[in-house]
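Visitor: Sequence:
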Amino acid sequence: ELELIAHINSVSTAPNRPPARITSTAKMTSVFDSIDSTVFRSYCFWCAALVIKMLVMSVLTGLKRHAKKAFANPEDAKVNKVKVVTNDPDVERVRRAHLNDLENIPLFFAIGFLYILTGPSATLAVNLFRIVGISRIVHTLVYAVVVIPQPARGLAWMGAYFPTWYMAVKVLLAFI
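For any residue, its number in the numbering used here is found by taking its place in the sequence shown, counting from 1, and adding 75.
Hint data in this document are derived by calculation from the structure and do not stem from the laboratory. Quick caveat: nothing in here was measured; it's all calculated off a predicted structure. Just so you know, even glycine gets a beta-carbon here, dropped at the ideal spot from N, CA and C. Just to be clear, a hint being listed does not mean it is correct.
Below 16 Å or equal to it, Euclidean Cα-Cα: the simulated EDC-like pairs (lysine to aspartate or glutamate) are [what the hints assert, rightly or not]:
id: 1; residue 1: Lys139; residue 2: Glu167
id: 2; residue 1: Lys139; residue 2: Asp151
id: 3; residue 1: Lys143; residue 2: Asp165
id: 4; residue 1: Lys144; residue 2: Asp176
id: 5; residue 1: Lys143; residue 2: Asp111
id: 6; residue 1: Lys128; residue 2: Asp163
id: 7; residue 1: Lys156; residue 2: Glu178
id: 8; residue 1: Lys128; residue 2: Asp176
Have a look at the derived ranges for each label pair, beta carbon to beta carbon [said to hold, decoys possible]:
id: 9; residue 1: Leu230; residue 2: Met129; range: 31 to 39 Å
id: 10; residue 1: Asn155; residue 2: Ser133; range: 15 to 23 Å
id: 11; residue 1: Phe120; residue 2: Leu247; range: 19 to 27 Å
Starting from the given sequences, assemble the full structure and let the hints guide the process.
Guide: Laid out in structure tokens, this is it:
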């Protein structure tokens, strides 16, 4: 090991640059070697499920526009022989639900991955990811598909919001 360190230091020495330092061991491990595969698989599953959910929101918006004949672009209105409509309440509801996804889900993607790097309990991490994913799906259902009065939408939103906050705080504390 000492010979390897000496070799690395001699090779990496360039003019006006200090030698590379390897202090404890010459064998470096990848950050991915320490990730629990159960946790990572769950994270990947829920990220993919939420990506698909957001892709479906685009289709849902288009379907709602066609059903309501509410086209925001002149070329679409012309093809369908209708006037431009930019404020149909049903279309706007679906668009707001999609916007809410775009405001919240990428934050989960980022902090969820960083949370995995803290080495959390597999049971806790898998359940946090599951709660966030299911809450975001329920949020869409009660906001844009089968509209249910408050507090349904707010509760579904909180179901994803608070676990995301929890993970963010745990990441901060782990890397302080």
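Visitor: Are the hints correct? Go through all of them and say.
Guide: Verification of the hints:
1. Of the pairs offered as hints, the one joining Lys139 and Glu167 holds, with about 9 Å between alpha carbons and a cut-off of 16 Å not exceeded.
2. Taking the CA atoms of Lys139 and Asp151, the gap is about 14 Å. The hint holds against a cut of 16 Å.
3. Taking the CA atoms of Lys143 and Asp165, the gap is near 8 Å; set against the 16 Å cutoff, the hint holds.
4. For the suggested pair Lys144 and Asp176, the alpha carbons sit about 24 Å apart, so the restraint of at most 16 Å is broken.
5. In summary, the hint linking Lys143 to Asp111 is not supported, as the alpha carbons are separated by about 48 Å, beyond the 16 Å threshold.
6. Pair hint Lys128 plus Asp163 does not hold up; C-alpha atoms about 23 Å apart against a cutoff of 16 Å.
7. Pair hint Lys156 plus Glu178 does not hold up; C-alpha atoms about 34 Å apart against a cutoff of 16 Å.
8. Between Lys128 and Asp176 the CA atoms are separated by roughly 9 Å; this keeps the pair inside 16 Å, and the hint holds.
9. In this structure the hint that Leu230 and Met129 lie 31 to 39 Å apart at CB is violated, the actual value being about 21 Å.
10. Range check, Asn155 to Ser133: about 18 Å between beta-carbon atoms, so the 15 to 23 Å window is met.
11. Roughly 25 Å separates the CB atoms of Phe120 and Leu247, a value that falls within the hinted 19 to 27 Å.
The structure fails to meet hints 4, 5, 6, 7 and 9 from the earlier list, while all remaining hints are met.
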